[in-house]
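Participant: Residue numbers (the UniProt record's numbering), protein chains in the order written: chain A, 1 to 115; chain B, 1 to 164.
Quick caveat, the hints were computed from the structure, so don't treat them as lab data. Just so you know, even glycine gets a beta-carbon here, dropped at the ideal spot from N, CA and C. Hints are supplied without guarantee of correctness; some may be wrong.
As the list claims (entries may be wrong) - Pulled a few chain B residues facing chain A out of the computed Cβ check, cut under 7 Å:
# : residue
1 : F15
2 : A21
3 : E37
4 : S38
5 : W39
6 : G41
7 : G57
8 : R61
9 : Y90
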Amino acid sequence: MHVDVFQTLADPTRLRIIEALKGGEHAVNDLVDRVDIHQSGVSRHLRILQEAGFVQVRPEGTKRLYSLCPEPFQELDAWVTGYRQLWEGRLDRFGEELERRQKARVASRKKEDTP
Amino acid sequence: MTTHPQAAPQRSITFERTYPASLDEVWELWTTKDGIESWWGPEGFTVTVHQMDLRPGGLLRYAMTATAPEQVAGMKQAGLPLSSEVQVTYTDVTPPRRLAYTHRVDFIQGVTPYDVSTVVELQPSGQGVRMSVTSDAMHNEEWSKRASMGMESQLGRLAKRLQR
């Protein structure tokens, strides 16, 4: 897990840019309209997103088109899923062990009762 | 399945389960050597408790060793040792209702070590015990809020769509 993945997503403006890019690629000007902040702000956040591997850019004519890269999202997804699975596995085993102990207790009580 | 991810409190994820057992039975699984060793896992790993000093400020020290073939192979492939030592510090011990501990995360490269705290709360519920485990593992408020709201499944779908 890279902590910069978390730090990159911690910023609300960057999250809005990511939301806007979910639908497909956009030029900076489109994003300025959609995210509703100043162009210099959008450009700065796009650069941060690009450096963190969330966003890629390609030229088309005079425009530069931005789109999302799958890798950091896959990484985050795997990390959160793994964490949840670890606890769910643990709590399943916890329940099984409780049941096993209760059965063992009942069995030893029966044994004591038998003359 | 009775696990409910919850949005509150922030910085945390809560797991809840109800077991048909007594408070003491549930407490015992959290607070004895053989209790912890029987379920702490993870799957395919054996846990051996070396020290359990059950009081605020006291330590739980254990070794976690890959024992199942799949996990042994996985650790080898990742270039990781099969066994690692883990240390946990108890912060609240109130039998048989509440147990809290912190765990120092100092193994992520390039990240300043930080503490993850976990709180276990037990309540009688009908014929059994309701157990909630709350952990602030996400080390980022905004992110954990999203994660606990089910953002991870959205992310999974997004990742798949982007993969094309």
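Participant: Next, verify each hint and record whether it holds.
Facilitator: Checked hints:
1. F15: Given a least distance of 5 Å, the restraint on B/F15 holds.
2. A21: 5 Å, holds
3. E37: Result: violated, 10 Å to nearest chain A Cβ.
4. S38: With Cβ-Cβ at 5 Å, under 7 Å, it holds.
5. W39: For B/W39, the interface hint holds, since the closest Cβ of chain A sits about 4 Å away, which is under 7 Å.
6. G41: With Cβ-Cβ at 6 Å, under 7 Å, it holds.
7. G57: 25 Å, violated
8. R61: 19 Å, violated
9. Y90: With a closest approach of 18 Å, the B/Y90 hint is violated.
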